[in-house]
Amino acid sequence: MVLVDEPRATVTPSTPDGPADRPRAVRTRLLASDHVFRTVARVAGSMVLVIMLLVGIFLSVQAWPAVRRAGWGFLTTQDWDTEGNHFGVAGVLVGTILIALVAITIALPLAIGAALYISEYAPRRIAPVLVNLVDLMAAVPSVVYGIWGFFLLQPHLLVVGNQGEGLPRWLTTYFGWIPLFAVDEYQPRDPEASASRLTSSTFIAGIVVAMMVTPIIASVMREVFAQAPPGEREGAYALGATKWGMIRSVVFPFGRGGMIGATMLGLGRALGETIGVVLIISIGFVIQPHILQNGGGSISSLIASRYQESTELGVAALMGAGLVLFGMTLVVNMLAGVIISRSRSGASSEA
Amino acid sequence: MTTTMEAPTTTTTLPERAADPGVEVRRTTGSMRRTDVFVALGAAWAALSLTALLFTRLTPFDGALGFVVVTFVLFVAIYGLLTGLDERGPTVRDRIAAVLVHGLAVLMLIALVVVVVFTFYRGLDALGHRNFYTQDMRDAGPLQPLSVGGIRHAVIGTLEQIGIALAFTVPMGVVAAVFLAELPGRFSRFVRTIVEAMTALPSVVAGLFIYSSVILLLNQWRESGRLPESLHWLAVGKSGFAASLAISVMMLPIVIRAADVVIRLVPGTLREASLALGGSQWRTVWHVVLPTARSGLMTAIILGTARGIGETSPVLLTSGVTAYTNANPLHEPQISLPLYVFTSVTRPDAGMIARGFGAAAVLMFLVLILFAIARVIGGKPAGQLGRGQRRRRAGRSYRDAVRFSRRERARLASAPPEPIRDTSDDTEVST
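The listed protein sequences derive, respectively, from chains X and Y.
Heads up: the first sequence at position 329 corresponds to 329 in full-length UniProt numbering, and the numbers run straight through without jumps.
Heads up: the second sequence at position 414 corresponds to 414 in full-length UniProt numbering, and the numbers run straight through without jumps.
Be aware that one or more of the hints could be misleading.
Example chain Y residues on the side facing chain X (calculated, C-beta under 8 Å, incomplete) [as the list claims (entries may be wrong)]:
| # | residue |
| --- | --- |
| 1 | Thr71 |
| 2 | Val73 |
| 3 | Leu100 |
| 4 | Val115 |
| 5 | Arg122 |
| 6 | Val170 |
| 7 | Val195 |
| 8 | Val249 |
| 9 | Ser274 |
| 10 | Leu275 |
| 11 | Leu277 |
| 12 | Thr312 |
| 13 | Leu316 |
| 14 | Ala360 |
| 15 | Val367 |
Sample of chain Y residues lacking proximity to chain X, with all beta carbon distances greater than 10 Å (derived) [unchecked claim]:
| # | residue |
| --- | --- |
| 16 | Thr9 |
| 17 | Thr29 |
| 18 | Arg34 |
| 19 | Arg93 |
| 20 | Ser213 |
| 21 | Arg307 |
| 22 | Ala323 |
| 23 | Arg375 |
Hints listed in this document are in silico derivations from the structure and should not be mistaken for laboratory results.
Predicted model only: the values in this text are computed from it and were never measured.
Virtual Cβ for every residue (Gly too), placed ideally from N, Cα, C.
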């Protein structure tokens, strides 16, 4: 080893003959074909943007007369009388939220269970099949779930026979003291009690909507669970964790953001679901907080059942209702998107 | 440790081998023991018998749903108890969690099977008649038997509407996705945000938009003379075209988003390789990015189609209901399958409901077919080719080679060969 005398032994390499290096300006010259390509792509992007903005702006403009007429009462009135100038979405807004909440309450455990099973428990060979089945379940048309709910779930599983035997009756009999499960003018222990008080309820509509959103939540959650790092998984096993211990200490913490995001994605879908709700519920416009009781409704079913209103104000009011619904789903979906994208690392694979 | 070396006395002891080693049995590394199976079976049997006792003798419970639920709850309780007899806390929790997860997964599978089987089962009545596929509903009143009337008009309507919607959404959606993925920047980020926002658009609102714009507003303009004569065809009223526009508005963000994800999954190295070989950006996209993402793109499109084909609410507002076959999407109402299902099952008479289930079964069948196609095409990851694709690629490569050699031969025949220069003289080494 050679010891250097000078304490400052940093040597700057010199370029003996040539000029000092300057950063070169990188100039790219696009070919004509690339110009065309970029223009076409930009135009397509702009057109999509224009269409999307058009929908939002058009809805707002069209809804304006009704919203101006009703003022803030549009959000607080429990009636839909567009001829008599007395209309608002309070009842159906609450109904929409209640249906979505019932749906999420049912869908969430189901989806977590299915996603965990596919990503952690299922044998390697059948896991892809199950993934396909979940995707298939998401592709089943909503009207099919609707007729399933109306012709099988309601009359044969939940409100059976004249007495209306089933889960709703059981709930209201033993938990009727909770306002949510109360049913007005219904005596569960009265043998004469009619089952019709228990049909077409928010609860049943919520179950049908849950069937539609469960696969969506489950498939997002499965992806999130699968991304839990294998190193940490093996670390947990090496420290003696059981499978459930590993799931609790590795999979859930890593997937928490994705789980919340997936749930909100499902919530956004549940808020906008139409046909299943229309088939089950006979729409009412007053706030109906009893989820087991006949009646209720959602904004989407209001639109689907009243769109043929002849008056201009009627259509404008529906537009306003649609706008409120869109606003709600938009906020929920945006939050979901932000949460999911934060929980994932590396959206693109720039190798 | 000190040892004196006594070299000659060290002996090597070989392990004794059995005379006949026999067949070595492969050990399983699974952690399932026989006790676990007995515990599970015992708990299941105990839960079943206890529930049966409860339901038949002890309490006034009844109902199939309740039976299943009570059995499952009892099973979990007894299983936990039995495991707790000879295992410790974490293991018991692990077992119970495993049972719950399995139960939830099975419940979901049952739900899917019930939905599919129930639709086909109730649809069997209508599906058995040949006229169901070849007639429309013009002669079929509400009380006519199932041997009259069918869903020809609805099938035609569905195929035409989804076809028009695909003609709008596929080119636009794929080009927009290419834009989002290949030309990153502030503008494309903004477009992506808007597209993601629009996936939140409820389908009924998409229908309402088309209803109030294309159907109400344009008709109003036409009547008041504000719409120029040449654009009168746009004011279509309730028709298949309006319905396909509504489906397009609903499908476009879905297709763009899915295609964008797929295109972004194309490895950056492939793009860079193409650019480094001197390909322009356009050639890179056309010959490298899109072919690599092709199976994923097909899946995105087909899944979007499955979504669009089954969506009822936008069609409900825009296409109108008719009992006649109408092959012209631009004129007069044109019904589609989901709408036919919806209008039929909301009628009180049994015949119409049976027809509705038949149509729902046909719709399910269409979705299943689309889904199967999507899986066959999209089953392989990007870049892996099937046998036919490999053969076609080899053929293309062979033709290119033939073309090159022919051109080379022609060049040699037309011009005398130049002397080969030694290129090492051309580069000057600066000292």
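Hint-by-hint comparison with the structure:
| no. | hint | verdict |
| --- | --- | --- |
| 1 | Thr71 | 16 Å, violated |
| 2 | Val73 | 14 Å, violated |
| 3 | Leu100 | 7 Å, holds |
| 4 | Val115 | 5 Å, holds |
| 5 | Arg122 | 7 Å, holds |
| 6 | Val170 | 12 Å, violated |
| 7 | Val195 | 7 Å, holds |
| 8 | Val249 | 6 Å, holds |
| 9 | Ser274 | 13 Å, violated |
| 10 | Leu275 | 11 Å, violated |
| 11 | Leu277 | 14 Å, violated |
| 12 | Thr312 | 4 Å, holds |
| 13 | Leu316 | 6 Å, holds |
| 14 | Ala360 | 5 Å, holds |
| 15 | Val367 | 5 Å, holds |
| 16 | Thr9 | 44 Å, holds |
| 17 | Thr29 | 13 Å, holds |
| 18 | Arg34 | 19 Å, holds |
| 19 | Arg93 | 6 Å, violated |
| 20 | Ser213 | 6 Å, violated |
| 21 | Arg307 | 7 Å, violated |
| 22 | Ala323 | 18 Å, holds |
| 23 | Arg375 | 6 Å, violated |
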